[in-house]
Amino acid sequence: MIITIHQPQYLPWLGYFDKARQADVFILLDNVQFKKNEWQNRNRIRTAQGWQWLTVPVYHEFGTKINEVKIDNKIPWRGHHLKAMELNYGKAPYFKEYFPHFQEVLGKEWEKLSDINIHFVRLIIELLGIKTKIVLSSEYEATEHKTTRLVDLCQYFKADTYLSGEGGMEYLDEEQFKSHDIKILIQQYQHPVYPQRWMNKDTEGFISHLSVIDLLFNCGPESLAVLANLERKTS
4 MIITIHQPQY LPWLGYFDKA RQADVFILLD NVQFKKNEWQ NRNRIRTAQG WQWLTVPVYH
64 EFGTKINEVK IDNKIPWRGH HLKAMELNYG KAPYFKEYFP HFQEVLGKEW EKLSDINIHF
124 VRLIIELLGI KTKIVLSSEY EATEHKTTRL VDLCQYFKAD TYLSGEGGME YLDEEQFKSH
184 DIKILIQQYQ HPVYPQRWMN KDTEGFISHL SVIDLLFNCG PESLAVLANL ERKTS
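One gets my numbering by counting positions in the sequence shown from 1 and adding 3 to each.
Simulated from the structure, these hints should not be mistaken for lab results.
Heads up, the beta-carbon is just placed ideally off N, CA and C, and yes, glycines get one too.
Relax, there's no trap hidden among the hints.
Listed next, with one range per pair, are the computed distances between beta-carbon atoms:
#1 186 to 146: 14 to 22 Å
#2 196 to 112: 32 to 40 Å
#3 208 to 64: 37 to 45 Å
#4 203 to 60: 27 to 35 Å
#5 103 to 187: 37 to 45 Å
Distance condition first, Cα-Cα at most 27 Å in a straight line; then the derived DSS-like pairs of lysine-lysine:
#6 68 to 149
#7 149 to 181
#8 68 to 115
#9 39 to 149
#10 38 to 77
#11 161 to 181
#12 68 to 39
#13 73 to 38
#14 73 to 111
#15 73 to 115
#16 39 to 73
#17 149 to 73
#18 38 to 115
When you get a sec, could you build the whole thing from the sequences and use the hints?
Structure below.
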């Protein structure tokens with residue numbers, strides 16, 4: 004049983020979903036402290052000039068947990084995000100097939116950041132065809148210490164393996180995992196290069212580490228194979 008754990012992010016990058024793909028259970032860590040200017044309320048998309056942020060405006064104070072962060076809906080951010088998608092991906096090969104999903108989600112007013120992030124993560128996992136079970140950490144009791152929390156969650160699901168991101172060993176207490184017979188795997192994601200809207204224009208070439216929507220709009224049903232660096236069908 005492989006467990007991976009990550010904060011719910013806004014329209015995350017490819018590596019986020021590759022971790023989910025490799026796990027049996029993906030735990031969204033929604034009851035930890037919100038971090039400003041990271042990926043929990045923003046991500047990047049490709050443009051003719053390079054890239055731009057899509058940012059969800061939020062209210063928060065130091066120490067606020069992710070599932071407590073409220074969205075500032077006085078700012079018309081949802082319309083701005085939809086317009087940015089249309090402007091920059093309207094002529095991408097699979098825009099028409101996938102855009103309605105994002106229109107539907109962003110057509111609703113969301114009160115909390117975690118709610119829209121979790122909804123998008125579940126939606127994109129479904130669109131990619133990933134079968135991993137998704138649960139929220141707030142639904143389970145666990146110690147608040149960084150490593151102990153992860154070990155507690157792994158134990159709850161009787162996991163024998165914890166899949167960590169590349170920077171995991173910088174903060175994980177490996178001995179705690181060993182003492183509970185839980186093996187640590189470190190993700191070493193090799194970002195793929197795929198046909199990308201605007202990459203042949205008068206801008207820089209392929210831009211990596213963008214939101215997964217860049218992949219979906221450009222590669223459509225082949226997105227999971229691209230993301231996972233698997234052999235793809237030939238036309």
